[in-house]
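**Student:** Keeping the supplied structure of chain A fixed, place chain B upon it in accordance with the hints.
Chains as they are written, first to last, in my numbering: chain A, 1 to 306; chain B, 1 to 305.
No lab work stands behind these hints, which were simulated from the structure alone. Backbone N, C-alpha and C define an ideal beta-carbon position, used for all residues, glycine too.
Covered stretches of chain A (chain B as the covering partner; in silico rule of three or more C-beta atoms under 8 Å from a C-beta of chain B):
{"hint": "1", "stretch": "29–35"}
{"hint": "2", "stretch": "50–64"}
{"hint": "3", "stretch": "105–112"}
{"hint": "4", "stretch": "118–129"}
{"hint": "5", "stretch": "150–163"}
{"hint": "6", "stretch": "279–292"}
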Amino acid sequence: MAEPTVLSQPAGNALSEEQRLATRGKSKADLLLHALFIIASICALFPFYTVLISSFGTPTGLIWPTTFTLEGYDQIIKYGVGRAFTVSAVVTLVGTFMSLFLTTIAAYALSKKAMPGWKYIMSFIIFTMFFGGGLIPYYLTVKGVGLMNSYWVMILPSAVNTFYIWIMLSFFREFPASLEESAKIDGAGDFSILMRIVIPTSMPVIASISLFYAVDRWNDWYTPMLFLTDADKYPMQLMLRNMLTSISQILSMNNGVSAIDQSKVKIPQDSLKMAAIMVTSLPIMAVYPFLQKYFAKGVMIGSIKG
Amino acid sequence: MKGSLLWKRIVQYRMFYLLLLPIVVYYLVFAYIPMYGVTLSFKKFMFNKGILGSPWVGLDNFHYIFRYSDFWTAFRNTIVISIGRLLIEFPMAIIVALLLNEIAGSKLKKLYQTVFTFPHFLSWVVLGGILVNILGNTGAVQLVFTHLGFGELSLLSDSDTFRGLLYTSNIWKEAGWGAIIYLAAIAGISPELYEAAYMDGANRWKQMLHITWPSINGIVAMMLILAVSGIMNGGFDQIFNMYSPAVYNVADILDTFMYRLSFSGRVNLGFGIITAVGLFKSVISLALLVIANYLVKRMGQEGLM
Numbered sequence: 001m002a003e004p005t006v007l008s009q010p011a012g013n014a015l016s017e018e019q020r021l022a023t024r025g026k027s028k029a030d031l032l033l034h035a036l037f038i039i040a041s042i043c044a045l046f047p048f049y050t051v052l053i054s055s056f057g058t059p060t061g062l063i064w065p066t067t068f069t070l071e072g073y074d075q076i077i078k079y080g081v082g083r084a085f086t087v088s089a090v091v092t093l094v095g096t097f098m099s100l101f102l103t104t105i106a107a108y109a110l111s112k113k114a115m116p117g118w119k120y121i122m123s124f125i126i127f128t129m130f131f132g133g134g135l136i137p138y139y140l141t142v143k144g145v146g147l148m149n150s151y152w153v154m155i156l157p158s159a160v161n162t163f164y165i166w167i168m169l170s171f172f173r174e175f176p177a178s179l180e181e182s183a184k185i186d187g188a189g190d191f192s193i194l195m196r197i198v199i200p201t202s203m204p205v206i207a208s209i210s211l212f213y214a215v216d217r218w219n220d221w222y223t224p225m226l227f228l229t230d231a232d233k234y235p236m237q238l239m240l241r242n243m244l245t246s247i248s249q250i251l252s253m254n255n256g257v258s259a260i261d262q263s264k265v266k267i268p269q270d271s272l273k274m275a276a277i278m279v280t281s282l283p284i285m286a287v288y289p290f291l292q293k294y295f296a297k298g299v300m301i302g303s304i305k306g
Numbered sequence: 001m002k003g004s005l006l007w008k009r010i011v012q013y014r015m016f017y018l019l020l021l022p023i024v025v026y027y028l029v030f031a032y033i034p035m036y037g038v039t040l041s042f043k044k045f046m047f048n049k050g051i052l053g054s055p056w057v058g059l060d061n062f063h064y065i066f067r068y069s070d071f072w073t074a075f076r077n078t079i080v081i082s083i084g085r086l087l088i089e090f091p092m093a094i095i096v097a098l099l100l101n102e103i104a105g106s107k108l109k110k111l112y113q114t115v116f117t118f119p120h121f122l123s124w125v126v127l128g129g130i131l132v133n134i135l136g137n138t139g140a141v142q143l144v145f146t147h148l149g150f151g152e153l154s155l156l157s158d159s160d161t162f163r164g165l166l167y168t169s170n171i172w173k174e175a176g177w178g179a180i181i182y183l184a185a186i187a188g189i190s191p192e193l194y195e196a197a198y199m200d201g202a203n204r205w206k207q208m209l210h211i212t213w214p215s216i217n218g219i220v221a222m223m224l225i226l227a228v229s230g231i232m233n234g235g236f237d238q239i240f241n242m243y244s245p246a247v248y249n250v251a252d253i254l255d256t257f258m259y260r261l262s263f264s265g266r267v268n269l270g271f272g273i274i275t276a277v278g279l280f281k282s283v284i285s286l287a288l289l290v291i292a293n294y295l296v297k298r299m300g301q302e303g304l305m
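This is chain B alone, in the form it adopts within the complex:
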């Protein structure tokens, strides 16, 4: 009896199953088959045999990467760059939103916002090209520095300046865009709250601290979870379009390391070993996501899961 009722409901929803069919197939092929492919981390990949037919080698691939010094360089850079991004880039969007909010009512506010979100829509290929143009040996920045008597600089190929440049240029690209989500939250605050605070003698700084900030800190917490879970990513697009062999020691992250050693390097570690690096990375990301979510919930905020 119960079974036939369920069947009736399934029949009733048949059109919706049909609508879902294409994306279920899509996820099976392009997400779940690659997930099965992580078994390659425990195999020695042979081109003629494919993923399924390649022989198992246990933990050999992991033993190999843990002894490979370039892997540890990439691992360390991934962590350092991501923490740098959390400390330097993450707050910028919030600061931009809070400051933009302070000039509410001005037509200029819209103009600033338009200017600051614009770079977000261009690819890192384009922005990388633009950066080389102004920071390169014949670029405007070099020209200014030469005039000031600093001599030859090579910001993009200098290990000391490269990471600073990564952070700055990503702020240029993303801070304005990132601010939108906080501005949306701020827009929902009742103006009467500000009025009441003003009556009570709160100045602008205090209004920001006691009204604006408490109303966005939930979204800040959520964005922080996402940022922490992305720590292992470090920003492939940007780094790949900006780095050069001269700065590999500070800029090579796990993603660029994997790409280079699979497709463009003179050294080829083999697909099994590279997959092991990828799995290592994914597992840590997943763990970080769970930990960050737990911590944010413990602090009394609404988590992601």
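Excised from the complex, chain A in its bound form:
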């Protein structure tokens, strides 16, 4: 009769999740925590929900959807969202690929601590994390290089991120040296070691870094705002910003207009803005479940190993 109990013991010393939880004791605190987190989750998501329903024509301020119309989406297509979306997509794709390439080769080279001059090159790069020229010198430099009003301005000046190099570098440093040595004995050159051994085995970190870069690119509105003068070249974020700034103007001059009057006048315009917000966040919403897993991994690699 006693045997099944013995069998149900887990092998080895590892504690099962249940046992670990048991050591914490069970209490009403669990219920309280869940209640707290459920309320916090609702608060966190509620703003997105209101944007979603007002993009389909429900006047802002109403909590239940009252209408369903695609007019807002129809209008932003006429407004030129297709073009801005394409600009954002191409800049994100090309930019991410380029950043990834540069970051990978640089981080790999920097992982070779025995390289003569390593210390100087490293300080040269790390120093830029702590001191910068500031807005105006940066602006004049980018302008001086001839990138003003060019699509490349959204890619080149932010081509590499020092922090991401650092994350990848600490990952490469953990790479077993013996693997590279044996490949060398088999006649592989430095370059083919990188391409055939190092990169394929570093896919988790490469995936996280490429997602970091892609989100940064997609979300960038500041660089284009500084350097693009031609509205035809605007990416999604900047186009959205321009559409939204009129709201803050209304906000600061709203005296005398009652809330109801405003909502009546603004229904089509609001749904247009909300539709633009939805479209701008669409790619991130689409890949988010996938993103989250890799991002968390990327942060952990950077924090624990670094």
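**Tutor:** Chain B alone, transformed into the frame defined by chain A:
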């Protein structure tokens, strides 16, 4: 003899130098040339002459900004907002991590984490637009307040509420994401420690205090150094997308001040003067970083440098 040995090693590593070449050029152009550009703080910038050809004016630019009252408003706001962020926002990520850890083993934990990290991936342009939608004159929050009989509120254009809104909305965006790094540290704790503590009669609160907290306070110290060195930054992205002239007196930070007075204002101070503001800011940031690093090391934690 020694020289030729070094040369041999350099030749041996030639491929790696080649791999580094693109980013060395990148840093030279986009980081070091702008660093040289800070000399503009001591010059009167003339468009036709560029940075190099513009005439030196000594400390004139600094004398000018120190007498300019809007500069001091921006300076004060930068410090006040950043300290507010350190006191209010910084602990939130730690609290979220500690609380999430307490519900380990639940599938719901993953769901909460997914919900809390989501806003991190959207830009402040998008989030600013969403905030205006719910907090504006026709938004859901206004509707609720009207029902409760509070009348017209304008949270985003009110000097009394704007900073509170800055902190709250940044917690909404970043607390869940910030918690990841602490959760990673907590995940590395051996479960046997908890078991032993439980045997000794430690309840959950005591386990958190004596096991979980000591194992993450090193990372907390490191994050604190980074946060302190960022005091002069104050969060351009967020403020620029949320503020309006009505709240400049409490919301204008050095970064927004510099942008406005260089590119979009009716007042244009000139590039030399704005560069002086930037240099002033960078030097203080660097000093804060060094001081924070020193203090953390003195307290027995591992510093950044």
